[in-house]
Amino acid sequence: GENVEQHPSTLSVQEGDSAVIKCTYSDSASNYFPWYKQELGKRPQLIIDIRSNVGEKKDQRIAVTLNKTAKHFSLHITETQPEDSAVYFCAKSKDRRQLTFGSGTQLTVLP
Amino acid sequence: DAGITQSPRHKVTETGTPVTLRCHQTENHRYMYWYRQDPGHGLRLIHYSYGVKDTDKGEVSDGYSVSRSKTEDFLLTLESATSSQTSVYFCATSLDREGTEAFFGQGTRLTVV
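Here the protein sequences line up with chains U and F, keeping their order.
225 is the number of the first residue of the first sequence in this note's numbering; add one for each residue after it.
20 is the number of the first residue of the second sequence in this note's numbering; add one for each residue after it.
In short, the hints are calculated from the structure, not lab data.
It should be emphasised that the depicted structure is a prediction, and the values quoted were computed from it without experimental measurement.
By construction, the Cβ of each residue, glycine as well, lies at the ideal position given by its N, Cα and C atoms.
It is possible that part of the hints are untrue.
[Claimed, not checked] So the derived label-pair ranges between C-beta atoms look like this:
no., chain 1, residue 1, chain 2, residue 2, range
1, F, T96, U, K295, 34 to 44 Å
2, U, D241, F, H29, 29 to 39 Å
3, F, D57, U, E263, 17 to 27 Å
Full structure from sequences and hints, please.
Shown next as structure tokens:
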């Protein structure tokens, strides 16, 4: 269907460790996969995105990988810091009309 | 932040009353969206618009209607508010280009009592 499954729903890591969040989808037409970060009481904001013609994209401590064959994509955060604590949402779209979000992952970075 | 303003920011209303939430953007983005955010459900699309007077339903559109008479304004109306519509509502916009960032408003916390 059109949904995106996101796991885990909560994730706690020690400061300095890595965090990985995974999303799976089922439709083959999706071609754009963004990740949003939402701090407590704030609006969601884009942190990184990837298109279907790319397998991996990296921006400093954040990376996203996409496996179109298996229909899953993942967010990787390395050297986590307390300010990385937030809710992270994956999303997908096959065109700009249908941006579908996962249910979110609450990431807590423990000092 | 993109120029997206939602009003009101907070509202408490009674069951059965109509409610209208407003989203105003100054970015001249063609696409606009209304989402609701509930614990365990993430962001669910209510309605979206790809131009003036051009709207379509999202996955949770029952009980909601929208209107877009100008590029900059997208209104969400709850015809007869119910307690299940208590939620945080986010408006978002995106450029007229496939696969681009969606910019969100600050959100509106609506409580139906």
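### Message
Tell me the numbers of any earlier hints that the structure contravenes, in ascending order.
### Response
none
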